[in-house]
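Number of protein chains: 2
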Amino acid sequence: MSTSIENILPKLKKVLKEDQVSINLTVRELHSKDESYHEICLPDIVVFPKNTNEVSEIMKLANHYQIPVVPFGRGSSLEGHIIPYDNGITIDFSLMDKILEVRENDLLVKVQPGVTRSQLNKELKKYGLFFSVDPGADATLGGMAATNASGTTTVKYGVMRDQVRDLEVVLADGTVIHTGSLAAKSASGFHLNGLFVGSEGTLGCFTELTLRVYGIPEFTTAARAVFPSVQSAVEAVTSILQTGIPIARVELVDEESIRQVNRFSETNYVESPTLFLEFDGNEAGLKQDVEFTKEIMEDHGCVDIQFETDNTARTKLWDARHNLAYAYIHGNVGKKMMVTDVCVPISELADAVVYARNELSSIGLIGGLTGHVGDGNFHAILMIDMTDAAEVAKAESFNEKIVHYALERNGTCTGEHGVGIGKQKYQALEHGAALQVMEKIKIALDPNNILNPKKIVNIES
Amino acid sequence: MSTSIENILPKLKKVLKEDQVSINLTVRELHSKDESYHEICLPDIVVFPKNTNEVSEIMKLANHYQIPVVPFGRGSSLEGHIIPYDNGITIDFSLMDKILEVRENDLLVKVQPGVTRSQLNKELKKYGLFFSVDPGADATLGGMAATNASGTTTVKYGVMRDQVRDLEVVLADGTVIHTGSLAAKSASGFHLNGLFVGSEGTLGCFTELTLRVYGIPEFTTAARAVFPSVQSAVEAVTSILQTGIPIARVELVDEESIRQVNRFSETNYVESPTLFLEFDGNEAGLKQDVEFTKEIMEDHGCVDIQFETDNTARTKLWDARHNLAYAYIHGNVGKKMMVTDVCVPISELADAVVYARNELSSIGLIGGLTGHVGDGNFHAILMIDMTDAAEVAKAESFNEKIVHYALERNGTCTGEHGVGIGKQKYQALEHGAALQVMEKIKIALDPNNILNPKKIVNIES
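Protein chains in written order, with the UniProt record's numbering: chain R, 1 to 461; chain E, 1 to 461.
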C-alpha cells in the first residue's frame, strides 16, 4: 500500500461509515474488471457513498492527495472504462439507487446514479411511462450517461445524451454543479449536459440525473424479415428510413448469429440474414406503416416476413435478439468476448457489413454480426481464447481493420460502447486536432488528472 | 484608429483581396446592430472571407495582435450577440454561401455558414427533403448553429443542436478542427458538436456545417383552436403531449397578439387566445391523431377548432403566425422590440403565462404573448420607445421579473434566443458554480479572449 493510500484511508473513514470503505481483496477484485476482454487491474480502495455530500468529500480528499478515482456503476462496460489502471479509489454507486421523483406532467424523472434501467422501467410502468434507452445490459443510469449508451430504440428515441435534461456532477475538486435545468430546451450558456454525458468519468462523478421519459405507445407491432444477403437487408432498411416511416427498432442479425440464437433460445428461425423490427404508434397509422414497410422489403428481395402483435410473441422475438451476446458467451465457455462497434454513414453500411463478414470469415474465428442498422452502427462479436496469443492478435487486427474502414468513410470508431481503454488508441486518428481541444478541456477541469486517468484522453502527468 | 488596428489592416489586405476588407463607415454601421433594442457599437474592420483558409489566416492575425473578432451571419439575433462591444474585426460570412453537398441517402447536407434557411430549403425541395429548424427569421445556418436556434417545429424535430452532425471550426489560434463525423451516432470522445453549437462565436468560427435533413411528410394538416383563456389552451397542449400524439408544431398566440395579426395580415380571426397547430405523418395515422386531439381540446373548453389540409390555406394560417413579430414592428413605427424568452417545465407553463399576462397588463406597455407551448417556451413581445427612460426601465424590470419567475421554477432565462449581451447578467444566477466550468473552458480554448468577448461568459482581461 503506497504512502498516499495509507494517508487517505483514515480520512475516508472519517467522512464515511466503516462499512462504506473497503480494502477487502474480493471487493477490489469485483471492481477490477468489466464485461470485456481487457486486462484487469485492482483498485486500492472501494468506497460506497450514500449521498452527494459524501461524494464531494471523497473527491476533495482524492484531489488533495492526488489519488486516481474511478466511478463505478455495475461494471457492464465493454471497453475497460471502469478498470482502474492507475489503481487508487473506485467509487461504487450501488448505495445511491433511489428514484427521487417522477414528474409525470413534465415527462421527466429524477434518479440517483445507481438506479438500473429495469428498476426505473418497473416504476415508470405504474404511470404508463417508459425510459427509452436499451443497451441490452441492465446497466445503471449513471453508467449509461457516463458512456452515452444507446441501443435498439435509438433509431426512434435517440441516444442517452438526448434523454439527459440535467445532471448533478461532483467535479475533481469536490465542487457540485448542475449541468442543465428542467426546461425542455435552453440556449443559455455552454451545453454542459452534452459535454458531461459520454465523458466516462473523466470530468466528474454524476450524483443525480434528470431524464426524459415517454408515454407507452398505444400499439406496438414486431416483425422478423428474412433476406438472401446482409446487403439486401441493409438496403431495405435504408429505403424505409428515406420514406420517413418511423421505425422504433431495427436490428440486423447475420446467419451465424441466428445459428447461435437458435441454439441458445431454442428457436428455429431460418438461418439466413434477418431483420428484427418494431413499430409503434396509433392503430391506424401503424397499420399503414407496416403495409408500406412490407412492400419495400419485398422490393428488396425479402423472402419471408412474419408479424407479431401479440405481447408474448413479441417479447419472445426480442428476447432472442437480446440474448445474442449471452448465446455467444454460453456457447463458448472459457473464451472472452470482443465486440467491434463502428458506426458509418448509412449509405456506407451495406458495403461495410459485407467487408466485415468477409474479413471475419477469412480469419476463421467464431463470430457473427449484428447491428443497429437504422443508425449505421454494427457489431462483430468474436469469441477469443485469451491464452492463445495468435488468436488474440488475429482478433485485434480484425478490430483495427474495421475501425480503419469506418474512419476512412467519415464514421466513428465507437457508435455506442465508448472509448474506455480499448478505443483510446484511435482517438487521435478519428478526431485529429480536435483531440487537443478535448485535452485542454480535461486539463482545465481536472488539473491533477485524477478522474479516470488514461480513458478517452491520455494526459501525461 | 488604434495602433493594433493600424498594424493588422495591411496584413489582412495581404491574406484577403482588397474588396474583402472594409473600413467604410456604412459597412461598419451595418455590422453594429442586430434586430434587438441593445445599444449599437461599431467594429473597426469588416472582413468577408471566401473559404476556411482565409478565416484561419484572419484568426491567426487577430490572435497575434489580440484583436477581438465577432462572427456575423445576417444580424438577425435578438440579444445583441453580434454587436462588437470591444470593436475589432467582424467576420461577415455572406460570401461563404454555398450548399456543398446533398447526401440524399444519408439524409445529410453539407453547407457553408452563410447559407440561409430558405436557400437550403429551396434546394432540398428538389430531393423531397426539408431542413426542420424554423426560428422565424431567415437566418444563416452558421448563425443558427452559433445560437442553438429553434422554433415552431422543435416540439417534433428538436433544436439546432439536434441537427448538427459535424462542424468545421476555426479556433482562436487559427487551428481548423472537425467536431463530429458523418455517423448517425458516436460514443467517441467529448461531445464537441454540442459544446460548439450555442457557443455564440465565443469558442470558434464555423466554416462548414453538416446537418440532418428529413423527408417531406406524406400528409400535413394545420389547425387553429380558440380557447376562453391562455390557461385552458396551455392545459390542452400538456394533455396532448402526455398521450404521445406527435404534434409537429403548436403555437399559442394571445388575444392582443391576434389583434396585431388581424391588423397586419388582414385576417379576421376571433380575438381570443388561440393555438396554431400542425400535424404530419401518414394519412391514416394523421386522421386518428387529429380526431383524438380534437376530443382533448374540447375537454379543455376549446370553443372553436378549424382544420386546414389544403396547402394554400395552411400556408396562409402559418404566415399569419410567422408575421407576428413584423406585425408588432409595422404597427409601432419608431419603437424598438424587446422579446422575453424564458422556458419553464411544461407543468409550470400555464401559471407562468398567466403571470406574464398580468404583469404585462399592469405596466401598460403595448405587448402580447406568444409561445412554443409544446416546449414550455414563451415570449412576451414589447414595443418600447427607447427615448423614454421610464418606458425602458419598465420593460427591463418586466423582463427581469419573468426571468426570475422562470429560474425559481428550474427553467432557463433563454429558451431559444440565446445569451448574447442581454442575458449575460443572468448566467451566474442560472448556472451557479457551473458558470465557472464554462469560464474555464473559454479560457482554455481562447486564452487571449478575442472571440466575441463579453458574450455568454464575461472573462476579465
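Worth flagging that the hints you see were computed from the coordinates, not collected in a lab.
Please note: incorrect hints may appear among the correct ones.
Said to hold, decoys possible - With a straight-line Cα cutoff of 27 Å, these simulated DSS-like cross-link-like pairs (lysine-lysine) come out:
no.	chain 1	residue 1	chain 2	residue 2
1	R	Lys156	E	Lys394
2	E	Lys425	R	Lys294
3	R	Lys425	R	Lys335
Stated by the list, open to error - If you want a taste of the chain E side facing chain R, the calculated C-beta under 7 Å gives, among others:
no.	residue
4	Asp106
5	Lys185
6	Thr315
Quick caveat, the model's predicted, so the values are computed rather than measured.
Virtual Cβ for every residue (Gly too), placed ideally from N, Cα, C.
Would you pick out the hints that fail for this structure and give their numbers low to high?
-> Numbers 1, 2, 6 - these are the hints that the structure violates, sorted from lowest upward.
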